[in-house]
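Asker: Read off the chains here:
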Amino acid sequence: MSSRMTLLLALICALGAAGGCAKKLRDRIDDQVAAERWIYDDYEAALARARTERKPLFVLFRCVP
Amino acid sequence: MRGVDLDQFQFDFDLSMMIFFVAPDGTVLGRYCASGADRHRQNTIAGLRRAAERALELFARLDEERAGLAGKKRPSPVARVEELEHDRIRKVETGDPGDDQNCVHCHNVQEAMNALLERRRDYHPDLVAAKFPLPEQVGLEIDPDDGVLIAGVRADSAAARAGLRVGDRLLRLDGQPLISIADVTWALGAVPDPGRAVLLYEREGKERGAELELAAGWKPADLLWRVSVNRMRPFLQLWVEGADAEERASLGIGDQDMALVVRGVFGPAVRAAGIRKDDVIRAIDGRRDLVDPRRFTLFIRLNHFQRGASFVLEILRAGKTLELTVKT
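Heads up: the sequence lines are chains A and B, in that order. In terms of the numbering used here, the first sequence opens at residue 1 and continues consecutively. In terms of the numbering used here, the second sequence opens at residue 66 and continues consecutively.
Treat the hints as calculated values from the structure; they're not laboratory data. Since we're looking at a predicted model, the values are computed, not measured. Backbone N, C-alpha and C define an ideal beta-carbon position, used for all residues, glycine too. Take these hints with a grain of salt, some might be off.
As the list claims (entries may be wrong) - Partial list, computed: chain B residues near chain A (C-beta under 10 Å):
1. M66
2. Q73
3. T92
4. H172
5. F364
Let the hints inform the model, and build the full structure from the sequences given.
Answerer: This is the structure we're talking about:
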């Protein structure tokens with residue numbers, strides 16, 4: 001699969017608070033495997049990287065338990 | 066959900082998960098995660114994989130697909146979550162110290178969206194129920210591991226009349242390319258009631274067209290599975306639960322009979338009506354079949370949403386039966 005045909009991963013959730021949100025989110029959902037591949041709670045950063053890398057985004061909204 | 070651009074990311078906010086495939090210029094390629102009571106069975110890894118593959122195919126020919134993809138966004142009534150009126154959103158926005166979650170849930174957004182509709186003079190719960198119509202409402206069952214492959218066509222449905230068959234693969238609805246069941250629901254949401262939708266599908270390797278003729282009333286979906294129903298009008302703040310086995314035995318009420326035990330009375334309308342904790346509701350407006358407390362709540366939302374409406378409860382209290390009228 002070529003680089004154009006992969007997806008960047010962005011995760012947005014209910015924890016939309018400013019300041020330390022991404023860490024709080026990562027801690028709460030406790031991703032063990034895919035954590036390094038996700039851009040957490042920062043859609044604008046994900047979009048900017050998507051433009052740079054010319055890849056579409058996989059944007060996941062999920063409820064944090 | 067704080068800070069989310071609702072013009073970009075509109076979805077069925079009663080879901081606890083939703084996936085968007087988005088091109089770097091913001092074009093929505095598709096959605097994944099089905100709505101409805103059967104949504105957990107319809108969300109599968111295989112179906113997600115097929116949706117992702119189709120999204121990548123669309124991305125590879127983005128320029129030629131732009132017109133069809135334009136329908137995958139619709140203007141939101143408000144542009145951003147923080148513009149919505151909701152006590153949870155207000156708490157988060159103001160940094161309420163008593164709010165340890167600091168969290169706007171997706172269903173909070175749905176509740177606030179419902180409240181927007183409820184402020185309309187011509188409010189009807191069907192406005193809420195018609196936002197995300199399911200494929201089954203036009204007579205289609207879709208294979209969840211594929212997302213667009215027809216697995217069943219209900220006899221005498223709009224899909225059957227349009228000539229669709231098991232094994233057909235849906236490609237477009239009113240020009241929108243489809244990658245998943247969620248996409249079908251989104252595209253159906255733009256079709257009027259009554260209305261007509263143009264389908265492009267594939268059968269035996271050939272593309273074919275069909276028209277779904279949708280009769281008046283086709284669009285409202287069952288609201289029962291939705292968390293946001295609990296905050297729809299009238300918001301009575303009456304907490305009821307189905308009587309447990311021990312309570313039924315002591316009251317002499319059968320397993321299948323309506324017996325909703327009042328656990329809490331918080332709202333002014335239900336207090337004014339004289340409802341008390343531990344009352345047992347045996348009927349509402351003469352209906353004795355609403356055994357499920359969620360169905361009881363939904364019955365009130367669907368039938369007594371107008372301001373000043375009233376309904377009658379048959380109550381069992383200390384061995385006596387009485388009728389109480391609730392004015393909303």
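Asker: Now look at each hint and say whether the structure bears it out.
Answerer: Hints and how they fare:
Satisfaction of the interface hint for M66 (chain B) is found here, the shortest Cβ-Cβ separation to chain A being roughly 6 Å, below the 10 Å cut-off. Because the closest C-beta pair between Q73 (chain B) and chain A is about 8 Å apart, less than 10 Å, the hint holds. Annotation: T92 (chain B) was flagged as interfacial toward chain A, and the flag holds, the nearest CB pair being 9 Å apart, inside 10 Å. For H172 (chain B), the shortest C-beta to C-beta distance to chain A is roughly 8 Å, which falls under 10 Å, so the interface hint holds.
Because the closest C-beta pair between F364 (chain B) and chain A is about 28 Å apart, greater than 10 Å, the hint is violated.
Going through the hint list in order, the structure does not satisfy hint 5, though it satisfies all others.
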